[in-house]
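Protein sequence lines, in the order shown, are assigned to chains V and H. For the first sequence, the working numbering gives the first residue as 1307, with consecutive numbering after it. For the second sequence, the working numbering gives the first residue as 203, with consecutive numbering after it.
Hint data in this document are derived by calculation from the structure and do not stem from the laboratory. Certain hints may be false.
[Claimed, not checked] When the alpha-carbon atoms are kept at most 30 Å apart in a straight line, the in silico DSS-like pairs for lysine-lysine are as follows:
id: 1; chain 1: H; residue 1: Lys398; chain 2: V; residue 2: Lys1516
id: 2; chain 1: V; residue 1: Lys1516; chain 2: H; residue 2: Lys443
id: 3; chain 1: H; residue 1: Lys443; chain 2: H; residue 2: Lys372
[What the hints assert, rightly or not] Selected chain H positions facing chain V (in silico; Cβ < 10 Å):
id: 4; residue: Glu224
id: 5; residue: His250
id: 6; residue: Val289
id: 7; residue: Met302
id: 8; residue: Trp402
id: 9; residue: Leu439
id: 10; residue: Ile445
For every residue, glycine included, the Cβ atom is placed at its ideal position computed from N, Cα and C.
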Amino acid sequence: MSELSPHLIIVLLLWGSLVGLDLVSVPQAMISRPLVAGTVAGWLVGDVEAGLRVGVLLELFALDVLPVGAVRYPDYGPATVAAVALSAGVPWEMSLGVSVALGLVLAVLGGWSLQVVRRWNARAIQRRAAALAAGESRAIRLLQYGALLRDAIRGFALTLLGLVLASVIRDSVRLDRETAVALTLVAVGSGLSAAASGAFRSSGRGLRLKWLIGGMVVGTLIAVLT
Amino acid sequence: MRTGRLRAILRLFAVQGTWNYERMLGVGMGYAAEPLLEDLKAVDPVRHGEAVVRSAEFFNCNPNLAGLALGATTRAEYEAVPGAQIVRLRTALCSPLGAMGDELFWVGLVPTLVGLALIGTILGAGWWAIGGLLLIYNAVRLWTSVWSLRTGMGSGMQVGAAIGSSWLPKAIELAGPAAGFAIGAALPVVADWYLKSFGWSVFVGAAGVAVAGVALTRWFGPTLTSVRFAILAMILLLVFKRIGL
Chain V
1307 MSELSPHLII
1317 VLLLWGSLVG
1327 LDLVSVPQAM
1337 ISRPLVAGTV
1347 AGWLVGDVEA
1357 GLRVGVLLEL
1367 FALDVLPVGA
1377 VRYPDYGPAT
1387 VAAVALSAGV
1397 PWEMSLGVSV
1407 ALGLVLAVLG
1417 GWSLQVVRRW
1427 NARAIQRRAA
1437 ALAAGESRAI
1447 RLLQYGALLR
1457 DAIRGFALTL
1467 LGLVLASVIR
1477 DSVRLDRETA
1487 VALTLVAVGS
1497 GLSAAASGAF
1507 RSSGRGLRLK
1517 WLIGGMVVGT
1527 LIAVLT
Chain H
203 MRTGRLRAIL
213 RLFAVQGTWN
223 YERMLGVGMG
233 YAAEPLLEDL
243 KAVDPVRHGE
253 AVVRSAEFFN
263 CNPNLAGLAL
273 GATTRAEYEA
283 VPGAQIVRLR
293 TALCSPLGAM
303 GDELFWVGLV
313 PTLVGLALIG
323 TILGAGWWAI
333 GGLLLIYNAV
343 RLWTSVWSLR
353 TGMGSGMQVG
363 AAIGSSWLPK
373 AIELAGPAAG
383 FAIGAALPVV
393 ADWYLKSFGW
403 SVFVGAAGVA
413 VAGVALTRWF
423 GPTLTSVRFA
433 ILAMILLLVF
443 KRIGL
């Protein structure tokens, strides 16, 4: 992790808040996908390669997530931003494992923080129950803006925590080359397993499984030929 | 009403803003319904008040298809359909709109576009691949939102039949296989991108971790998620290194 200037930290915090908001609240434009959040964060810190490497790997984990109904799922957006900040300026083979480990822990924390925000939203609604029952449009608007603000603060806090942890790890964790590379390989293997698990689970045993296997054959050909 | 529709479509992008375990999307739906119900205030203020209350009650579905329910219930309010019937329609739409939207977007479109973006990025398209993902997804989503609201408002209480005869069921049939193919193709490309510089022994090791991950997460189910497996595997690696294994 290279030293981040104060203005860069502010920009990363803003980007982390935005991608945190994007996951559920607004606008769900997919900027919270790790591939997008990571590449942009890499560009912001001046290391697009690090952003891509971290973003693609965390994207494999995100592919295992189905954000259906009330299910609890990790929030990879702010987590990816912090992981990229940790990985920037270091050869990816050495930094990817540790960065992705940080990203995964933050993503789980992010999932938990979403539950907290949802409970706060419910409490806010209970406080305005009388106004809602009276059909006051203003109450609905205030609830909506309050909830969006809570979620933005959640994304901001998560990114801030991630950047602090990244700084602590950079200053205090010393791994030899062999261990750092081994961590990277375990992270890559785990990411591939996550995406494959999600793909097999969604495919079932029907037509989609055949397309999945067909895709794997084509992908293998692309990998061999390029 | 035209500016009301535009504002409603924009507000639909924040329909999950107040997501909670009691009303789920309810308040977000009420927020999106507000501009559509404005004209009702002048015609029938009492009915308008009741409609606002109903609009913010419990509701849940995939956010991308929420416009269908929003449009249908709004039209029903203007047609003075009894409130109990509107509530029943809203409740009845939750499951099908949730299932269809999840199949189309979360199981189909998103993995398809992400898989293609991963391949494109790795093959050198870089920002173009990422821009393509964002552009196509958001264009589809915007178009779906506009179509949903228009179809809902056009069909009212008959929205179920309108959905059944629309493009949605066919698109869902196509989206699943497309996602399977795109993710299937992306996996070997991504694996090669990360591992080709390490040589075969490392490739086999990482593949072993991947196979173990698929098997164990399948075996243990929700207690061992992919993320937990990854964190556990990394902790085990550090422990083994520490004790010299």
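Outcome of the hint check:
1. Straight-line distance between C-alpha atoms of H:Lys398 and V:Lys1516 comes to about 27 Å, which keeps the hinted pair within the 30 Å bound.
2. For the hint pairing V:Lys1516 with H:Lys443, the CA-to-CA distance comes to about 41 Å; that exceeds 30 Å, so the pair is violated.
3. About 53 Å separates the Cα atoms of H:Lys443 and H:Lys372, which puts this hinted pair outside 30 Å; it is violated.
4. The interface hint given for H:Glu224 is met, as the beta carbon of that residue sits about 5 Å from the closest beta carbon of chain V, less than 10 Å.
5. At its closest, the beta carbon of H:His250 sits 7 Å from a beta carbon of chain V; the interface hint therefore holds under the 10 Å criterion.
6. Annotation: interface hint on H:Val289 violated; nearest CB of chain V at approximately 14 Å, more than 10 Å.
7. Taking 10 Å as the C-beta cut-off, the interface hint given for H:Met302 is violated, the closest approach to chain V being about 12 Å.
8. Among the interface hints, the one on H:Trp402 is violated; its C-beta lies about 13 Å from the nearest C-beta in chain V, farther than the 10 Å criterion.
9. Of the supplied interface hints, the one on H:Leu439 holds, with its beta-carbon coming within about 5 Å of a beta-carbon of chain V, less than 10 Å.
10. Below 10 Å, beta-carbon pairs count as interface contacts, and H:Ile445 has none with chain V, the closest being about 13 Å; its hint is therefore violated.
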